[in-house]
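Asker: On the provided structure of chain G, position chain L as indicated by the hints.
2 protein chains.
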Amino acid sequence: MDKEARIISHFTHALNGDDGALLGDFVYSKDLFIENVHFKREWLSMEQIGAKAVLVNLSDAIAMNATPLFALLGLALPKELENDEIDALLGGILSTCAKHGVSIIGGDTTSADKITISLTIISKANKKTLFRKKAKIGDFIAFTGSLGLSLKGLKALQNGGKIARNSRFIKPSLRIEFMKKSAKNLKSAMDISDGLANDLPKFLGKKGAKISAKLSKIQWLSGEEYELLVAFSPKNKARVLAYAKQTRTKLTIIGQVKNGYLKIPKYRAFKHF
Amino acid sequence: MDKEARIISHFTHALNGDDGALLGDFVYSKDLFIENVHFKREWLSMEQIGAKAVLVNLSDAIAMNATPLFALLGLALPKELENDEIDALLGGILSTCAKHGVSIIGGDTTSADKITISLTIISKANKKTLFRKKAKIGDFIAFTGSLGLSLKGLKALQNGGKIARNSRFIKPSLRIEFMKKSAKNLKSAMDISDGLANDLPKFLGKKGAKISAKLSKIQWLSGEEYELLVAFSPKNKARVLAYAKQTRTKLTIIGQVKNGYLKIPKYRAFKHF
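Chains as they are written, first to last, in this note's numbering: chain G, 1 to 273; chain L, 1001 to 1273.
One or more hints might be untrue.
[Claimed, not checked] Where chain L lies over chain G, by a calculated footprint (3+ residues, C-beta under 8 Å):
no., stretch
1, 26–39
2, 101–109
3, 112–118
4, 158–165
It should be emphasised that the hints constitute simulated quantities derived from the structure, not laboratory data. Only a predicted model underlies this, so the values are computations on that prediction, with no experimental measurement involved. We put the beta carbon where it would ideally sit given N, CA and C, even for glycine.
Looking at chain G on its own, in the form it has when it is part of the complex (with noise of 0.2 Å):
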C-alpha cells in the first residue's frame, strides 16, 4: 500500500472517496496547491498561480454538480516574494474567484518555505449531487474535452520550454455549463485529476469496463486535466450528447461499465507520494 492510499484508508470510515463531501445543502471541498509539487515559479505567473490554484478547486465542485458560493483561503507565503508579487498572486485568486461568483469569507495566512494554496470550497448542492462509484453495468463512461494537453504542457514545461498562456497545465478548463445541463442524465462524475489511468478504478469502485476507445499512452496517464469523467445509462445517450452539442464541449464515449475487471494499459500511475 503507497502511502497516500494509507492516509486515505485511514479515513475510509469518514470519506467516500468523492471530490467533495454533501453535508445538508452544502458540498465542502478542499485542494491545497504547493510549490514544487504542482507547480514551480518559472513555469507559471504569480497570476496564473493564484487562478489555477482555484479553479482546480472549483472543479471539485464541478464535478459533483454543486454551485461554488464561497472560500476559505489559506495561504502560506515565503519571506522572500515582493510586494508585487504578492499582489499578483493575490489578484489571479481574488479575480478567479469574482469571475466564478465565490465570496472569500475567512482564511489564515502564514509564511513558509514554499508557496502553500489551501482552499476550501462551499457550494451549494443542487438537485441532484454527482458521486463516484454510481454507475452501473450497461452506462456509457465518457470524458470531455481532450486528455493529454496537461502533460504535454508539463513536459515542455520540465524540458525548458515555454508554453502558450491558454495551455490546459496552465488553465484548465470548468465545463460547467455542460454539467448544468447534463446532471439529471448522469449517474456518476468525478474530475480527471491524476490521470484516467488512476482515477478511472476510482470512479468505478469494485465494477469493470469494457474500454472500446483506443487511447494512447499519454491520454491514460496525462493528470491534472480537471476534465470531466461522467457514465450514464444508454436510454439517456442521445440527450447527453445533445448536452453535449448544445454546450460545444465535446464528449468522448470510451466505453461501458461491465462486471468483473477493468483492463488498463499497465502504464505506472501518477502518484503524489
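Answerer: Okay, now just chain L, sitting in the frame of chain G:
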C-alpha cells in the same frame, strides 16, 4: 504595512478579522500548521504535532462560542516520513478530533517538503456567536488561564531543552466549559494566538483601553497561548467571575475599554512575516 497586513487588507471587504466566519447556522474557521513555522519536528512527537494542529483550529471555533462538528483535512507530507510516523501523526489528528466530537468529512493529501496541515473546521453556531471588536466603553477586559507559558516552552526548546508533555506550547488548553457558561454574558471574545501585545489591538478595533494590571514582557508577547481574551460589561462582572470559578478557569481582569488610544509597552510584536 507588513506583508501579512497587506494580504489581509486585500480581503477587508470580505473578512471581518474574526477567528472564523459566521454563515447561516455555521461558523467556518481555517488555520495552517506548518513545519519550521509553527513547530519543529525535534520539538514535538508526530502524535503531538497532529493533536496540536487540531487544537489550534478548534480554538477559533471555541472563541466564537461555536461547537465544532466537522473537519476537512489537507495534509501535505514529506516523502521521507516512515509509515509509523504517518500513523502517529494521523493518530494525533484522529484521536483529538474524536475527543472533541469532530468528524473528518473530506480533504486532500499530497506531498511537500515540510509537514503542512491545513484544517477547516465547520462548527454549529450557538445561540450567541461572539466576535472581536464588540466591546463597549467601560467593559472589562480579561484573559483566561496564564500567559507566558507557551513562550517559555518555546524558548526552552529553542535552547535545546526539553519541556513537559503537558506544557502549554505542546498542548493548548481550550476553555470550552467556561465559554459555554459565560458566552451569554460576554460582549466580545477572541483567542490569543499572536501574543496579547499583538492581539489586544485587534480585539479593541478603533477603541482604546486603560490597562490596570501589571503584566510582564513575557505575558505581553507570548503567542500560541490559545487562552481566551474576553470583554464583559461591569453589570455582568460578578456572573462572569462566578462562571470562571464554577469551571475552574483562572480569569484575570487586565483593564477597561475606553475612548482613544491603547497604550501598551512597545515590545516588538510577533509577526508571521
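Asker: Examine the stretch 101–109 of chain G: at least three residues should have C-beta closer than 8 Å to a C-beta of chain L.
Answerer: holds (count 7)
Asker: Holds or violated: the stretch 26–39 of chain G covered by chain L, criterion of 3 or more residues with Cβ-Cβ distance under 8 Å?
Answerer: holds (count 9)
Asker: Given as covered by chain L, does the stretch 158–165 of chain G meet the bar of three residues or more with CB within less than 8 Å?
Answerer: violated (count 0)
Asker: So is the stretch 112–118 of chain G in contact with chain L by the C-beta rule, three or more residues under 8 Å, or is the coverage claim wrong?
Answerer: Per the Cβ count (5), the hint holds.
Hint check: a violation occurs at hint 4 only; the rest are consistent with the structure.
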